[in-house]
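The listed protein sequences derive, respectively, from chains A and B.
First residue of the first sequence: 1, per our numbering; consecutive thereafter.
First residue of the second sequence: 1, per our numbering; consecutive thereafter.
What the hints contain is simulated information worked out from the structure, not anything from laboratory work.
Where hints are given, some of them may not hold.
[To be verified] Derived, one-sided and incomplete: chain A residues facing chain B with beta-carbon distance under 10 Å:
#1 Ile40
#2 Pro41
#3 Ala158
#4 Ala162
#5 Ser163
#6 Gly164
#7 Glu234
[As the list claims (entries may be wrong)] Now the in silico label distances, taken between C-beta atoms and shown as ranges:
#8 A:Gly70 to B:Thr594: 31 to 39 Å
#9 B:Thr489 to A:Pro108: 46 to 54 Å
#10 B:Ala555 to A:Gln120: 53 to 61 Å
#11 B:Asn539 to A:Ser101: 35 to 43 Å
#12 A:Ala129 to B:Gly465: 47 to 55 Å
#13 B:Ile428 to A:Gly53: 28 to 36 Å
#14 A:Thr167 to B:Phe400: 53 to 61 Å
#15 B:Gln521 to A:Thr167: 53 to 61 Å
All C-beta atoms, glycine included, are put in the ideal place defined by N, C-alpha and C.
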Amino acid sequence: MFRSLLLLFGVSGLVAAQVQAPTQGFLRASDQTLRPVYGIPGAYVLGQPIASGVSAAAFGDGGGEIAQTGQIVLVDRYGKQTAACPTQELHPVLGIAADGSGPLAWLPSTGTIVYWDANQCNTVQLSPASSGQVLDLRRDGNSAHLLTADRGALLDIAIDLASGQLTGNSLLSQNTASAVWNNTALMIADTSVEAPASGLRFERMSGDHWHATSSDATRHWVFEEDGAQVHWFEIAANGAPTK
Amino acid sequence: MKIIALFLLCLVTACAQDVTASLAPTQTSSETALPANYAYPNTAVGGTNGVTVRLRDTTTVPVEIIGVIIGTSAGSLTASSQFTVTGQVVDKVLAANTANSFEDVTVSFSPSATGSQAGYLEVVYLKQQNGCSFTSQGTPCTASTSVLSALSGVATSPALTLTYTAAGTTVTPQANSATPINFGNVSTSASAALTFTLQNNSASAAAVPAIALQTAVFGSSGFVLDTSHVPSSIAPGSAATFIVTFAPGQTGLTTATLTVGSASYSLTGTGIVVATIDALQISYYDSTGVRTSPQAATPISFDQLTAGAASTSVLTFTVTNPSTSFSGISVASVVVTGSGFSLTNAPSMPATLAPGASLTFKLVFSGNSVGTFTGTLSIATRQFALTGRVINSPLPDATFVFDQQPTASQMQPHLTIQLASASSIAAIGQLAMSFQPSVANITDDPAVQFTATGGRALQVSVASGDTTASYSGQSAIGFQTGTTAGTLTFTLTFPNKAAVTQSFSINPVLPGLSSITAVRQDPYLIVTVTGFDNSYSVNSMAFTFADASGAQVNATPMTVDVSSAFHNYFFGTSNTAGGAFVVQAKFPVTGDVTQIGSIQVGIRNSSGTSTTSKAFQ
Numbered sequence: 001m002f003r004s005l006l007l008l009f010g011v012s013g014l015v016a017a018q019v020q021a022p023t024q025g026f027l028r029a030s031d032q033t034l035r036p037v038y039g040i041p042g043a044y045v046l047g048q049p050i051a052s053g054v055s056a057a058a059f060g061d062g063g064g065e066i067a068q069t070g071q072i073v074l075v076d077r078y079g080k081q082t083a084a085c086p087t088q089e090l091h092p093v094l095g096i097a098a099d100g101s102g103p104l105a106w107l108p109s110t111g112t113i114v115y116w117d118a119n120q121c122n123t124v125q126l127s128p129a130s131s132g133q134v135l136d137l138r139r140d141g142n143s144a145h146l147l148t149a150d151r152g153a154l155l156d157i158a159i160d161l162a163s164g165q166l167t168g169n170s171l172l173s174q175n176t177a178s179a180v181w182n183n184t185a186l187m188i189a190d191t192s193v194e195a196p197a198s199g200l201r202f203e204r205m206s207g208d209h210w211h212a213t214s215s216d217a218t219r220h221w222v223f224e225e226d227g228a229q230v231h232w233f234e235i236a237a238n239g240a241p242t243k
Numbered sequence: 001m002k003i004i005a006l007f008l009l010c011l012v013t014a015c016a017q018d019v020t021a022s023l024a025p026t027q028t029s030s031e032t033a034l035p036a037n038y039a040y041p042n043t044a045v046g047g048t049n050g051v052t053v054r055l056r057d058t059t060t061v062p063v064e065i066i067g068v069i070i071g072t073s074a075g076s077l078t079a080s081s082q083f084t085v086t087g088q089v090v091d092k093v094l095a096a097n098t099a100n101s102f103e104d105v106t107v108s109f110s111p112s113a114t115g116s117q118a119g120y121l122e123v124v125y126l127k128q129q130n131g132c133s134f135t136s137q138g139t140p141c142t143a144s145t146s147v148l149s150a151l152s153g154v155a156t157s158p159a160l161t162l163t164y165t166a167a168g169t170t171v172t173p174q175a176n177s178a179t180p181i182n183f184g185n186v187s188t189s190a191s192a193a194l195t196f197t198l199q200n201n202s203a204s205a206a207a208v209p210a211i212a213l214q215t216a217v218f219g220s221s222g223f224v225l226d227t228s229h230v231p232s233s234i235a236p237g238s239a240a241t242f243i244v245t246f247a248p249g250q251t252g253l254t255t256a257t258l259t260v261g262s263a264s265y266s267l268t269g270t271g272i273v274v275a276t277i278d279a280l281q282i283s284y285y286d287s288t289g290v291r292t293s294p295q296a297a298t299p300i301s302f303d304q305l306t307a308g309a310a311s312t313s314v315l316t317f318t319v320t321n322p323s324t325s326f327s328g329i330s331v332a333s334v335v336v337t338g339s340g341f342s343l344t345n346a347p348s349m350p351a352t353l354a355p356g357a358s359l360t361f362k363l364v365f366s367g368n369s370v371g372t373f374t375g376t377l378s379i380a381t382r383q384f385a386l387t388g389r390v391i392n393s394p395l396p397d398a399t400f401v402f403d404q405q406p407t408a409s410q411m412q413p414h415l416t417i418q419l420a421s422a423s424s425i426a427a428i429g430q431l432a433m434s435f436q437p438s439v440a441n442i443t444d445d446p447a448v449q450f451t452a453t454g455g456r457a458l459q460v461s462v463a464s465g466d467t468t469a470s471y472s473g474q475s476a477i478g479f480q481t482g483t484t485a486g487t488l489t490f491t492l493t494f495p496n497k498a499a500v501t502q503s504f505s506i507n508p509v510l511p512g513l514s515s516i517t518a519v520r521q522d523p524y525l526i527v528t529v530t531g532f533d534n535s536y537s538v539n540s541m542a543f544t545f546a547d548a549s550g551a552q553v554n555a556t557p558m559t560v561d562v563s564s565a566f567h568n569y570f571f572g573t574s575n576t577a578g579g580a581f582v583v584q585a586k587f588p589v590t591g592d593v594t595q596i597g598s599i600q601v602g603i604r605n606s607s608g609t610s611t612t613s614k615a616f617q
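Just chain A, with the same shape it has in the complex:
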């Protein structure tokens, strides 16, 4: 049975408001600025900075989380600050879901997780302290899952956010140098996903885009997840674009 449809495109002006420059998310450039990424895969244009002094960033489609000197900041999908949490951590690791929910921050110098309830930040210290390097983290209800590299092994360490107690420790892989949580399953660079370089560092740009940086921070890529496929594209993220 046919359903009737009323096409709004017949209303003058409405279509014009709905054509705009595509954005692929936000990334942290090598000059520690946060910049929007315009364009389409393979034809990226890095926008003007919207924040500076950014040491880490993680964005989903609905918003993101950035680390600046002295604070962890929540921002909306347009990059506008909505909440802040003070911290002295210099090298935090941020994690966020594809839709921008569940922002988390790992503070390695104190072994502390920062988590948010609405715009209120909370902290919990791990007990016992975690060894190894946290590569990524994601929230699952009242738990945080830390993707941790420890002596060559890749572990999923589950933490109860209320108590900081370890609730699970799963071996995911061995001999992995870098990895990141993706939307459907664990993505491990260098092995299951063919990466353009080894030792990449990942930061989520949007729901299905990640910013990958080489170990010497001179080369940058965007990889996008399209179902089961991953596509890599180069991007100029060394700083202000010049002509």
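For chain A, the structure is supplied; the task is to place chain B on it using the hints.
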């Protein structure tokens, strides 16, 4: 100073030798006693033959050598002019009868006149005996002279003799003489030449020694040497000639030194004013500001140029009438001849320069083919030779190699700068990318950029031995072709090298659709399409819905004119992504939105229509 109380003479044959002489050991012979009569090999006048003589103390007390001379007769302290002694150590003290205590001197036969020559090798020494002292403290020792050997040698005529002809007279110049060969007073508009003759007087071929001109002022001399007719050897009884020309470009004294083998001859000449034009002072500055007063004998040399680099070398000339002149000097013309040379900024001619006044002009060398260029600058009757050289750059030619031809939008190819061969030098150049849209009223596409920097210019480098140029250690240089139709041009430039340029056309194409999302948000269906239109000409969209079973809902596609919306976006001031776009359509639905299963979207531009479809989530 030695105080000599007594002077004793001891001839070789008359008394025991306190000091003995031997021929010092060589690589092929051991030390042997110097014979009482030593004959040198025949030696040509002006030549030299030497031996190393070793002096030893054969007494039981120390001996101090005061001097070694070659006397004209036995016991004479008058030095012979046919022999020389070199290498003496002042007041050398020899230990008594000690094997490793000796003094070596070089005794040479250096005849200045032909025939048999004789001399006497003599040593003057002090002997520390009876409490005497070598110093001024105490009783001074007595000096003695010993004749060590009678020397002889036959001086022969030199194989080659040098003469020149002046005013019809043949002159044999004296080598190393303080008296110069004088070219006399010569007008700055003129020149004077002497022809030198090298005559082989021997019965066998004689190798010609090196003939050169040493000038006082580096790079510009009033003297010039022409040895173009001098062979490498001269047959017995034959001769060869060379010419030295004095061509002063300035007034005043000019000197130089002519060397023929080890012999040197001073040259002198004076530039003078004969005609009034001769008084003009002429100088030029090069690009570094160095000022030179040119001489007519020395070509004015321009900076070396590299073929293909489209560069020039410019010299700025100043012609001045000295302030001490009594009157003005008329300059009839300034003319430059010779391919590759040109005159610029010259004043109107003829020109009259008052005392103290100057005129200036520029000489430009712009040869663009490999080779040597010559010309002449004539300032009235004052003439100066010009020379310039163009070489090939040592950097090999370069070409662009692309892993994908950049002839479409939304590409990320890589280019490699490939050299024709391994470079013998290091070099730094620039790779630039430019883009000219073919879409009317569009001036640029920000997505056209090098992916390393986001810009359009990179500094590339070549190290010695490299076969490619690289940026930041990478030889594969990535770039984006953007999302606008137009012409993409790459230009590679290195210093002193012709630029390499290559262009590609990116033609208008159908809309490129990257992604589509279809979402149910009761009571709406929201469709979002992302893609690009490199001709900025999207004019309509068509929507076809299907139900959950896949059956088409609308009989014909729902077509909407979106030309205004897209035009306002593409050509508006807020466009930051070139031809890339995202368009969202929102459809209110009456009824159960879950009954709508999927949508097909067609987007049409001036090249045609692209379609994509998606199931609703």
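Exercise. Which hint numbers doesn't this structure obey?
Worked result: Going through the list in order, the structure violates hints 3, 4, 5, 6, 8 and 15 and respects the others.
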